[in-house]
Structure formats: C-alpha cells, structure tokens
Amino acid sequence: PYEIETLFTKKSREELEEFNSVCESVGWNYATKSYDLHVYFKKQGAEAMDIQTDEEEEFRTLEFIGKKRIRSYYVLIPFLLFFSWLGLGSLFTSISALKNGLIQIIVPLLPAGIILLIIHLFNIKRFLKINRKNIELGKSIEFSDSKFYITRTISAITSIILFLGIIHFLYVAIFLKNKFMLIGLIPSLIGIIGATIYRTYIKPAKITLKHKKIGFIVILVTSTVLSIVVFVGVILNIAIRDDNKNSQNIDGYKVLSINDFISDTLEEEGEIIEQASILIPKSYDYNSYSRGYGFIRTEYSKALTEEIASNLVDRYRRKAEKKLIRRNSGRLELYFEEGIFDDYLLRIGLTKEDLSNLQGKELKEAIKAANNMINEKSIVEDIGNLWSLDEGYFLNFRKDEIVLRNGKEVFYLEGLDFSDEEIIKIIKDKLNLY
Numbered sequence: 004p005y006e007i008e009t010l011f012t013k014k015s016r017e018e019l020e021e022f023n024s025v026c027e028s029v030g031w032n033y034a035t036k037s038y039d040l041h042v043y044f045k046k047q048g049a050e051a052m053d054i055q056t057d058e059e060e061e062f063r064t065l066e067f068i069g070k071k072r073i074r075s076y077y078v079l080i081p082f083l084l085f086f087s088w089l090g091l092g093s094l095f096t097s098i099s100a101l102k103n104g105l106i107q108i109i110v111p112l113l114p115a116g117i118i119l120l121i122i123h124l125f126n127i128k129r130f131l132k133i134n135r136k137n138i139e140l141g142k143s144i145e146f147s148d149s150k151f152y153i154t155r156t157i158s159a160i161t162s163i164i165l166f167l168g169i170i171h172f173l174y175v176a177i178f179l180k181n182k183f184m185l186i187g188l189i190p191s192l193i194g195i196i197g198a199t200i201y202r203t204y205i206k207p208a209k210i211t212l213k214h215k216k217i218g219f220i221v222i223l224v225t226s227t228v229l230s231i232v233v234f235v236g237v238i239l240n241i242a243i244r245d246d247n248k249n250s251q252n253i254d255g256y257k258v259l260s261i262n263d264f265i266s267d268t269l270e271e272e273g274e275i276i277e278q279a280s281i282l283i284p285k286s287y288d289y290n291s292y293s294r295g296y297g298f299i300r301t302e303y304s305k306a307l308t309e310e311i312a313s314n315l316v317d318r319y320r321r322k323a324e325k326k327l328i329r330r331n332s333g334r335l336e337l338y339f340e341e342g343i344f345d346d347y348l349l350r351i352g353l354t355k356e357d358l359s360n361l362q363g364k365e366l367k368e369a370i371k372a373a374n375n376m377i378n379e380k381s382i383v384e385d386i387g388n389l390w391s392l393d394e395g396y397f398l399n400f401r402k403d404e405i406v407l408r409n410g411k412e413v414f415y416l417e418g419l420d421f422s423d424e425e426i427i428k429i430i431k432d433k434l435n436l437y
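Add 3 to the 1-based position in the sequence shown for the numbering used here, that's all there is to it.
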C-alpha cells in the first residue's frame, strides 16, 4: 500500500503518476484505490523488486497506517453501538419502525458493521503485535495468508442489504411519491458536495497546514448551516404550497374526509403520504382539513399478519400513554404546588376529589399516580362493542382519538367523537369495516 491522502494533505496527480510508473518499472502493477491508499500487486511467481528495501521503514509505514485505522475504529464502533441500540429499540417499540421499510433494512447493517470492524481491529492489532516483535528480532514482516471467509461473507451480505435499501428508497420516493424521503437526502447531498470541494481544492493546495485546517472548519460549518437552512426552507415551502392547493384524489384509499360528515361539499386540504415495509407492506397517512370545520386524521396500515397488526395497536396505545403524560404533567405539577384546579383537569377526567387523595405524597409520586389515573380513564377498550371489530381502543378522555383493528388492517383516527353511534356508522360504511 502507498498512502496518498491524509486529513489535510493529498498527493497530486503528477506525484501519483510518477510513483505508479516507478512501481510498474520494477514489476508491480496498480490494483485499486482504497480511499487514502493505492494498492499494488505482482502476479504469483513473477519477479519484482521490493519497493521498500528497509524492513524497519516498511513496518513503520504499515504501523502508521494501521494505527490510523485503529483510531478510526475506536470512534466508529461506539457510534455504531449507539445507533444499533436506538435502531433495535425502535424496531420493538416504535410505530414508524414497523411502517418504514428503510429502518427494517438498514438496522441489521449496524450489528454486521460492528462485527466487521471488530474483526478488522483484531486482525490489525494482531498483525502489528506479531511484526513489531519480528522487527525487534531482525526477522521479516509476516503477512496473513487467510482467505478471510467470515469478513468476505459479512461484506457480501452488507452489500446486498445496502442494495435492497437503495431499491426500497427509490421505490418509496418515486413510485409512492413520498417527497419526505427525498427531503431527507438534502443534508447528505450538501455534506458530500462540501467534502468534494475540500478534497478537490483545499487538500492538494500548496498552502500551510494552518490554512488547510481553517478551510476544513469553514467548509464544515458552512455545510452544516446550509444543510439546516435548505432543509427547513424546503419543509416550509412544502407546507406553504400544501396550504394553497386542493386535496389530492383519495378514491381507492381507506381514509376519512371532512366531506363524509357534512351535507355540502367543501374544498379541503390534504395529502396522502405512503409508506411500505417488510412487516407492513401497505400504509399511508392522510389529514383532511377545512377552515371552519377542523381536521380529521387517518393512519391506515395493512400488516403481513394479524399478530403484527395487533402489535401495532399496542404501540399506538403506548404512544398515547406517553403523549398524555407529556401533555398533562405540567398542569398536574401546577396543581400540586399551587393548588390551581381548572376546567382543563376536568376535561382530562380528573376531579378535585381524585387529586385531593394524592396531596400527602411526594410531588413526583403524586404526578405519577395522577397520570396513571388519567391513562386508566382515557385509554379504554371498546367494551360496549360500539365498533364490533377485533380490537378497538379510545386513546383519550374526550374519545376523539381511536385505534381500530379489523383483521390485518389497523386504523388510527383522530378529530371526531368516535363514541357517537351516527359517526361510527358513517365511518364503518366509508372504510368498509364489516
């Protein structure tokens, strides 16, 4: 290997061509470029002059490269461990992880990447340990003859998963027209452009190391700020544009519209956002909004099995519990500290008597007990069988949020009184819930 690039320096084309011609003249051929290295080879049995004749100097070069790789792995491994923990945790708890195929495809890459890095780390450290001793004893450098089957297998699997991830991304972004998938690429694209500018113009430049460091920091800060500004700008532009356009055609989609519940036909705003995943092949969200009439939200999912659909219902319930705790904890703290009881607490299902029974407890315990009381009164099963479906849970005290399961289909609905029998009949007819 021949080091061609560091963080702040890069060999010029002329320097690389000169080194390449020297290598070829003594029997070595250029094999490949691996980011910061040029790798050369000779055919088995062919005569070739050693490029580096000093064993100690050759080992110092290899040790320098190896230690640099080891330092990078010490950063990458904890980084991947953290994101593996987040990713695997979301697979078992998050609603979006069930619906988003990209998460389901990419998350298995993280443990594979960790295993690959640990194997590389072990091999490099072992190589350096053995050959450091060899050099001290005046022996030659020993290279591994291993075929690295485990590494090659994991690398092949990683490449396949990455390919599937790209295919899925393009499918959702182009065929399902999910523009938010494309928006997510903006920071990455700006980062790649910034890195390319740095590598192309600043690294090879004949300037001092101090100026190169300044250039690196300037491009890093500029790329970060530009990514945030452009990302936020695009989101705001989409929001403004969506506010000024009519709703798309929702025929063929199992969603609710404000026009389903009024006699006149209104101009409404809304857009279908579709997703696809391995566990839930079909899902989409829709917000129907009209000024003066409020909004109705529909989240539709068709799972691979009824067990997955039931698990999704449980996730909606857990999400509702956390949402209620976040929303109500501040008001509860205000009551327990200052004794202020208002209509808000009545609307979420609490009475003065409920709270007075908790007065003797510590603040955190009292708030926790009150939140448990709210959740018990708010997140309730459709015991009266108003909906006559496999599963049904009201998700707040006002009963204007509900999650329903009909076989493999799951509906999350928000914005109406879902305990009203007339509204239930309209919804069941519209969504074919029989």
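Keep in mind that the hints are not guaranteed to be accurate.
[Said to hold, decoys possible] No farther apart than 35 Å at their CA atoms in a straight line, the calculated lysine-lysine pairs in the DSBU-like style are these:
id: 1; residue 1: Lys-257; residue 2: Lys-70
id: 2; residue 1: Lys-428; residue 2: Lys-322
id: 3; residue 1: Lys-380; residue 2: Lys-402
id: 4; residue 1: Lys-380; residue 2: Lys-355
id: 5; residue 1: Lys-13; residue 2: Lys-322
[What the hints assert, rightly or not] So the derived label-pair ranges between C-beta atoms look like this:
id: 6; residue 1: Asp-423; residue 2: Ser-162; range: 50 to 56 Å
id: 7; residue 1: Ala-159; residue 2: Glu-368; range: 38 to 44 Å
id: 8; residue 1: Ser-149; residue 2: Asp-57; range: 52 to 58 Å
id: 9; residue 1: Ala-208; residue 2: Ser-332; range: 44 to 50 Å
id: 10; residue 1: Val-235; residue 2: Ile-200; range: 48 to 54 Å
id: 11; residue 1: Gly-255; residue 2: Ala-208; range: 53 to 59 Å
Since the hints were made in silico from the structure, they are not lab data.
Just so you know, these numbers come straight off a predicted model, no measurement behind them.
Glycine included, every Cβ here is placed at the ideal spot set by N, Cα and C.
Which hints, by number, does the structure contradict? Checked against the structure, the hints that fail are numbers 1, 5, 7, 8, 9 and 10, while the rest are satisfied.
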